[in-house]
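J.: Build out the structure end to end from the sequences listed, making use of the hints.
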Amino acid sequence: MTVHGAKGLESPYVFLVDPGSNPLGGHHEAPLLAVPLAAGNRSMDGFVWVPKKEFRNSAIEPMRAALSEAQHAEYKRLLYVGMTRAEDVLVICGYSGINVSPVPTWIEMVRTALAGKPGASDEPHAVTGAQHLIYKLGETVFNDDSVDASETPLSDMVPAWLSEKLLPVILPPRPLTPSGTGLAIEQSPEVSAKSPVLDAEDSGPSEGMRRGSAVHRLLEVLPGMAADQRRAAAGRYLAQILGGAATDVTRLLDQVFTILDDPRFAPVFAEGSRAEVSIGGIITIGGETRGISGKIDRLAVTDKRVLIVDYKTSRPAPRKLFDVPQSHSAQLALYRSVLQSLYPDKTVEAALVYTEGPHFISLDEASLNAALDALAAS
381 MTVHGAKGLE SPYVFLVDPG SNPLGGHHEA PLLAVPLAAG NRSMDGFVWV
431 PKKEFRNSAI EPMRAALSEA QHAEYKRLLY VGMTRAEDVL VICGYSGINV
481 SPVPTWIEMV RTALAGKPGA SDEPHAVTGA QHLIYKLGET VFNDDSVDAS
531 ETPLSDMVPA WLSEKLLPVI LPPRPLTPSG TGLAIEQSPE VSAKSPVLDA
581 EDSGPSEGMR RGSAVHRLLE VLPGMAADQR RAAAGRYLAQ ILGGAATDVT
631 RLLDQVFTIL DDPRFAPVFA EGSRAEVSIG GIITIGGETR GISGKIDRLA
681 VTDKRVLIVD YKTSRPAPRK LFDVPQSHSA QLALYRSVLQ SLYPDKTVEA
731 ALVYTEGPHF ISLDEASLNA ALDALAAS
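Per my numbering: the sequence shown = residues 381 to 758.
Because the hints were derived from the structure by calculation, they are not lab data. On a predicted model such as this, the values are computed, not experimentally measured, just so you know. Worth double-checking, as some hints may not be accurate.
[To be verified] Computed beta-carbon distance windows for the label pairs:
id : residue 1 : residue 2 : range
1  : GLN720    : TYR393    : 43 to 51 Å
2  : TYR475    : GLU454    : 20 to 28 Å
3  : TYR393    : MET605    : 37 to 45 Å
4  : VAL549    : PRO411    : 32 to 40 Å
5  : GLY660    : MET381    : 24 to 32 Å
6  : PHE427    : GLY671    : 41 to 49 Å
7  : GLN451    : ASN421    : 52 to 60 Å
[As the list claims (entries may be wrong)] In the DSS-like style, the derived pairs of lysine-lysine whose C-alpha atoms are separated by at most 25 Å in a straight line are:
id : residue 1 : residue 2
8  : LYS726    : LYS684
9  : LYS497    : LYS516
10 : LYS516    : LYS387
11 : LYS456    : LYS387
12 : LYS456    : LYS497
13 : LYS456    : LYS516
Quick reminder that beta carbons are idealized off the backbone N, C-alpha and C, glycines included.
T.: This is the structure:
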């Protein structure tokens with residue numbers, strides 16, 4: 381962790397790593413310097429631009445020097461914070477790069493301060509043999525009675541793997557996000573039926589968009605209500621949101637409850653189902669291991685089946701399985717693959733709800749497998 385993050389913490393052993401870089405480099409300077417200004421009885425801060433070196437003048441340099449001094453003081457304050465985190469043993473280590481720091485680094489400041497002091501000694505490291513400064517304050521607090529240090533050299537206690545060359549780290553591929561751009565299959569754009577020339581400019585959401593938003597909200601909320609109260613509550617909501625003739629509200633209600641009451645997916649909207657379920661896992665696609673991360677709009681787990689439903693707002697909305705965009709099928713196919721590993725003894729079934737209709741489309745196993753094959757080949 382950073383020294384900033386360690387503030388207020390303590391540990392028996394603390395390693396303070398000095399990066400060896402210049403703490404006062406130009407990359408630490410702000411492009412604007414605050415300058416106190418006086419205006420009558422008021423005081424305020426103004427700002428002065430700090431140009432490149434070749435354009436600086438005598439007015440800028442004193443302000444830069446003051447800023448550099450403040451940065452150096454902060455650098456030393458952080459050393460103090462890091463050193464006071466240790467309860468028993470403090471190890472200050474680090475490295476130096478090609479460019480040598482023009483100001484003393486943490487290691488140099490500590491060595492200069494402690495060298496020659498009582499309790500300080502230069503000794504060869506037990507493993508590397510390199511000289512390092514040891515400073516003991518009183519008796520050693522740490523004592524391991526299981527090891528007799530007088531008989532066993534420290535180099536023999538160090539495990540062999542500590543000096544072995546590290547294997548290269550293989551980073552996992554970036555997780556796929558089935559509902560976003562992580563898919564190799566492009567999302568199909570939503571197409572508007574309106575003419576950009578002949579139709580008037582929209583002053584707000586279209587009737588279809590408002591209807592789709594209302595359907596999405598009903599499918600999210602109604603499953604959490606008692607079955608005998610759903611239709612009346614939905615009717616009141618639609619009348620308030622959409623207005624219009626009662627026949628329009630009734631027609632939309634019938635469409636919504638056609639989805640909720642569909643016997644194939646009634647459990648996914650029944651009591652005990654869940655909305656907005658985050659999901660993550662690892663699957664193999666085309667011989668490559670990939671991570672999956674996403675969110676299922678609605679999920680239900682029964683004795684024999686796992687049911688998932690995803691809502692879509694595509695315009696115009698597909699009406700048949702043949703018209704479903706491949707990216708939508710691939711999204712549910714990925715979800716199904718993860719859920720199959722979580723529930724190996726259950727059948728995972730998936731469906732899409734296009735709120736523009738609304739239209740309910742169940743995806744069969746063949747279409748889901750085909751979408752996954754297409755994703756693996758891309």
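J.: Now look at each hint and say whether the structure bears it out.
T.: Verification of the hints:
no.	hint	verdict
1	GLN720 with TYR393: 43 to 51 Å	holds, 46 Å
2	TYR475 with GLU454: 20 to 28 Å	holds, 22 Å
3	TYR393 with MET605: 37 to 45 Å	violated, 57 Å
4	VAL549 with PRO411: 32 to 40 Å	holds, 36 Å
5	GLY660 with MET381: 24 to 32 Å	holds, 26 Å
6	PHE427 with GLY671: 41 to 49 Å	holds, 46 Å
7	GLN451 with ASN421: 52 to 60 Å	violated, 32 Å
8	LYS726 with LYS684	holds, 5 Å
9	LYS497 with LYS516	holds, 10 Å
10	LYS516 with LYS387	holds, 24 Å
11	LYS456 with LYS387	holds, 14 Å
12	LYS456 with LYS497	holds, 20 Å
13	LYS456 with LYS516	holds, 22 Å
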